[in-house]
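Given only the sequences and the hints, what does the whole structure look like? Please build it.
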Amino acid sequence: MAQVNYFLTEEQQMIVDLARQIAVEKIIPVRAELDETGEFPWDIMKDIAQADLFGLYIPEEYGGFAKGCFENCLAVEQLAYGCIAVTTTFAASALGGYPILLFGSDEQKACYLPDIASGRRLVAFGLTEANAGSDAARIQTTAVEDGDDWIINGTKQWITSGGEAEIYTIITMTNRNKGARGATAFILEKGDPGFSFGRKERKMGLNASSTRELVFNECRIPKDRMLGKKGQGFIMAMRTLDLARPGIGAMAVGLAQAALDEAVKYARQRIQFDQPIISFQAIQHMLADMATRIEASRALVYSTARTIDAGANDVAKLSAMAKLFATDMAMQVATDAVQILGGYGYMKSYPVEKMMRDAKVLQIYEGTNQIMRNVIGQALNKEYTKK
Amino acid sequence: MNIVVCIKQVPDAKTVRFNTEKGTLVREGVEAVINPFDFHALEAGLQLKDTYGGEVTVLSMGPPQAESALKEALSLGADKGILLSDRAFAGADTLATTYTLAKAIKKLGPVDLVLCGKQAIDGDTAQVGPGLAVRLGLPYVTCVNALSVLDDGKTMHLRRINEDGYDILELEMPALLTVLASLNTPRLPSLKGKMRARKAEIPVWDARELGAEPDRIGLAGSATQVVSTWVPTFEARREMLEGPAEEQVKALVFRFKEAGILNA
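These protein sequences, in sequence, are chains A and B. Mapping of the first sequence onto the working numbering: residues 1 to 387, in sequence order. Mapping of the second sequence onto the working numbering: residues 1 to 264, in sequence order.
Any given hint could be a false lead.
For lysine-lysine, the following PhoX-like pairs were computed, each having C-alpha atoms within a straight-line distance of at most 25 Å [stated by the list, open to error]:
#1 A:Lys67 to B:Lys192
#2 B:Lys192 to A:Lys109
#3 A:Lys190 to A:Lys203
#4 A:Lys229 to A:Lys190
#5 B:Lys80 to B:Lys103
#6 A:Lys67 to B:Lys199
#7 B:Lys192 to A:Lys46
#8 A:Lys46 to B:Lys49
#9 A:Lys265 to B:Lys14
#10 B:Lys80 to B:Lys49
Calculated directly from the structure, the hints in this document are not laboratory data. Here the structure is a predicted model, which means the values were calculated and not measured.
What follows is the structure, encoded as structure tokens:
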């Protein structure tokens with residue numbers, strides 16, 4: 001039976017095969033335990049690093065492969081087939097790494113990108129605060145100049161890989177009077193004086209991903225840690241999120257595919273009323289909708305990623321669409337998979353209940369799906385002004 | 001350290017099926033994979049290279065498609081791959097196979113260590129490792145599941161598994177080892193490795209290239225031949241012997257002699 005042909009190059013197929021091998025051999029065997037213990041998946045991060053996947057989007061001069069958003073999405077989708085908590089840890093390193101790649105000085109790139117590409121050091125991205133989620137402009141973490149240094153004060157909340165990553169890209173407020181143009185980005189390192197971590201959060205799902213508060217208490221860092229120009233902070237954050245959102249879509253596709261596979265496998269061998277339940281229309285229709293929406297999401301994510309890689313300028317709308325559609329789909333598919341597995345679906349000894357608990361966060365992080373709809377709506381308004 | 005790893009491409013045990021009528025393996029549509037034990041031999045070689053430097057050469061005797069197994073080995077980090085392929089090599093039993101492999105290894109020059117998996121999962125003889133060692137004049141240890149090299153860079157401490165437990169042995173290179181799966185966890189391929197393997201050239205050495213004598217290779221050089229393969233069926237028959245113990249013993253001895261279990 002024909003599968004959709006995305007005309008992958010040989011190298012892209014290698015990336016898919018590698019990531020899939022890691023998912024099957026390294027992630028799936030331990031995902032239930034990691035979910036239970038919340039242990040940080042260092043071993044798997046080492047495997048991903050050994051496979052060279054951290055460096056996909058990083059230029060060759062820093063030890064990377066100079067590939068694009070699409071290749072990142074291919075890797076993320078396959079890893080997500082295993083577990084999105086582990087994959088979030090991997091993908092978040094790109095979220096933290098992109099600002100350095102796009103806006104860093106040559107010295108900063110030379111200092112950080114090789115370690116990021118080799119996976120020797122993980123990166124985290126710190127924007128969200130207790131009072132600033134969707135309303136990112138409300139952040140209250142400040143950075144004040146003091147001689148040759150900057151002093152940072154404030155807290156960041158729910159930071160992926162907080163406490164485990166060694167490099168942190170943080171957005172702070174440097175000039176409140178300028179509103180959205182008053183934010184500046186900095187590179188922080190674990191061990192910087194005055195930089196500590198709060199408690200690790202206990203979550204509904206995504207348990208293998210470490211989510212922590214970052215605390216800055218008179219944290220003093222040298223001037224050369226400023227990333228990009230003063231006041232550019234939000235532009236950098238938005239640009240980074242635009243590039244990273246298709247990756248979230250890819251994660252959603254990978255999770256949904258895994259959920260579908262479990263549901264079909266189960267429905268074929270579960271006998272009730274003298275036949276496998278897949279012979280009942282109710283089940284078939286659910287599976288058909290699940291499978292079709294997965295294909296549609298995949299196509300949208302891939303097209304968006306390829307458009308970005310082709311050099312398109314304003315990709316906010318497309319990026320938001322890919323994230324929105326795929327993640328809403330994944331939540332629905334995971335929920336349906338639990339329903340199809342019935343009682344077994346509810347039990348922890350089967351993998352789908354974890355997928356459902358994990359999938360929920362996809363609709364929330366990296367921009368809630370409500371914000372995604374805002375972005376798309378505003379973009380449409382802008383587009384049609386010109387028409 | 002100059003290391004040679006011998007690998008064999010075999011049908012994937014998970015998908016291969018057996019045609020009971022013909023008594024053959026159904027190979028169509030079955031993926032060909034590197035023999036599982038050989039992954040561990042290769043990993044052992046790569047770990048030694050990581051620590052001591054040197055070169056890992058992978059060798060395989062097989063049909064042209066075995067090139068993909070060698071390329072996979074390159075993607076894991078092997079430096080060179082060589083395919084020994086010739087129509088005349090076909091039908092080889094382990095006697096002919098070890099002759100061919102030995103010719104190739106002698107052609108490569110001085111070697112510190114030859115590594116083999118314990119056995120191939122299609123042939124299951126476990127004879128190639130030892131046979132090869134004898135032909136090369138190398139001391140050898142089979143069923144190794146722990147390996148360390150001493151500071152002199154030549155002496156190895158090995159754990160060899162036997163039926164009752166294990167032996168700890170000391171062996172100096174040059175030598176040959178066959179390894180078990182419990183020796184190590186094979187690494188995953190890397191993207192750099194896969195890209196390098198894609199571009200790599202795998203030389204093919206045929207009988208002429210090896211200077212192999214025609215009557216020592218392939219079917220011609222084989223002392224044994226697989227005539228048929230079948231799945232034995234077992235019937236359980238039961239008979240209760242009755243009477244006093246002495247009578248039963250006499251009857252049992254009679255039965256055993258009838259069945260050829262005891263000499264008449």
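- Query: For this structure, which hints from the list above don't hold up?
  - Reply: No numbers; nothing is violated.
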